[in-house]
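Those protein sequence lines, which keep their order, are chains A and B.
Quick note: the first sequence uses this note's numbering, first residue 1, plus one each step.
Quick note: the second sequence uses this note's numbering, first residue 1, plus one each step.
Hints should not be assumed to be uniformly reliable.
Said to hold, decoys possible - Pairs of lysine-lysine residues, derived as DSS-like cross-links and limited to a Cα-Cα distance of at most 25 Å, are as follows:
id: 1; chain 1: B; residue 1: Lys89; chain 2: A; residue 2: Lys29
id: 2; chain 1: B; residue 1: Lys82; chain 2: A; residue 2: Lys29
id: 3; chain 1: B; residue 1: Lys26; chain 2: B; residue 2: Lys82
id: 4; chain 1: B; residue 1: Lys26; chain 2: B; residue 2: Lys89
id: 5; chain 1: A; residue 1: Lys29; chain 2: B; residue 2: Lys26
Honestly, the hints are just simulated from the structure, not real lab data.
So the chains spell out like this:
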Amino acid sequence: MTGSIPIQYFLIISTLMFFIGIYGFLTRKNLITMLMSIELILNSVNINFVTFNKYLYPQNLQGHFFTLIIIAIAAAEAAVAIAIIINIYRNFRSIDVDNVDEMKF
Amino acid sequence: MNSEIMFYLLAGMILVFSVLTVTSRKILRAAVYLLFVLISTAAIYFMLEYTFLAAVQLTVYAGGIVVLIIFSVLLTSHISEKAIMADRKQSLLSALAVGAGALLTLLTILRFTFVPSDLPAQTSTVTDVGNALISYDRDGFALPFEVISILLLAALIGAIIVARKEKDGIVSAKEKK
Chain A
1 MTGSIPIQYF LIISTLMFFI GIYGFLTRKN LITMLMSIEL ILNSVNINFV
51 TFNKYLYPQN LQGHFFTLII IAIAAAEAAV AIAIIINIYR NFRSIDVDNV
101 DEMKF
Chain B
1 MNSEIMFYLL AGMILVFSVL TVTSRKILRA AVYLLFVLIS TAAIYFMLEY
51 TFLAAVQLTV YAGGIVVLII FSVLLTSHIS EKAIMADRKQ SLLSALAVGA
101 GALLTLLTIL RFTFVPSDLP AQTSTVTDVG NALISYDRDG FALPFEVISI
151 LLLAALIGAI IVARKEKDGI VSAKEKK
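So that you can see chain B by itself, here it is in the shape it has in the complex:
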């Protein structure tokens, strides 16, 4: 009973703050609403007993990405600036398309009969997660782990190259030739 109340609370929070994220005219507020959505999602992971995943969600998403977004909002727009929204016709058409898509998906979900598994749940403690990430047998994830580390390195270098100033960057490299 308690978990049901908790679930409805989290579901309501996710829906309300998602809508506010995409409709708020103040960008900084939209970023904070996004933070609330991400924290509620972390709470849902806690409900499903994936505690390590919830911790990662809190640190990487709520801690890292939202801070990055807030910083870039502060760098690129004035604090009192209001976002320009789409005109009436465009938002009406988007709402129509989105409503149709959501209706179709919801009907499909509600008509399909899911068969919940009765097997005992695999625990997901930090030890399990760590062992699975470095093992290369059937239930191991060593390859994705290595690939993701290369991707992170590439993204790091790419972000630095893209964001650094033009004057001593690409232009001077061309001039050297």
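So that you can see chain A by itself, here it is in the shape it has in the complex:
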């Protein structure tokens, strides 16, 4: 199904997605949107793993399983992060990083 598409195309897509995610992480102030940027970054890495698996080592499924486990970790991370964010909102009435500086040294 991917016959004539070179592997580089997939890698370019995932690279651009990764750096867009980093840009969002650097410029966003809201904790939830920062979490969304992290999801973008994780997703781009997943595309990389799957593409390398399919193109370079199709005889086994290591990239496939690595991606499966990254998805599970991302779900766990999102659950814990949102619990922390809601707790922060309860204490500070805001989830902008500028307002949450109680522990800042």
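Take the given structure of chain A and dock chain B to it, following the hints.
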């Protein structure tokens, strides 16, 4: 030819919606754009013929995580509230750093010669995936499977402990002592 058109369509969708996710001033819209990115990624997994992985991507990412994010957006911010963005100088500097990093990585990717393998592809049906997840020989993934189950349990308990109300939680535990 058809798959090429499909790939360009998906690539365009991923890039456009990724940019919109990080630049949209309305948080709820950003979450929906993220949903589109994740669905396009699932479509790319379908193109690469990893159908089980695509199904997991759709259910866990697009179904679970995005719903969780939308719920927390609704809990923590007003629907018409606009996100504060970084000031001009900071976003310019970030764009510069990100552009430099992307340029470096893209140059490295384009200069490197990948040697595609000609070996027959291992099928990834649900049977294959299930067998690999519980087998402990060379191509088995029993240990990561067990470890991830413990991690999920820990995350579940941790999320409940962190998010529950302070009054009958940590404070009362201290007072009991």
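Hint-by-hint comparison with the structure:
no. : hint              : verdict
1   : B/Lys89 - A/Lys29 : holds (14 Å)
2   : B/Lys82 - A/Lys29 : holds (11 Å)
3   : B/Lys26 - B/Lys82 : holds (5 Å)
4   : B/Lys26 - B/Lys89 : holds (22 Å)
5   : A/Lys29 - B/Lys26 : holds (13 Å)
Hint compliance for this structure: no hint is broken.
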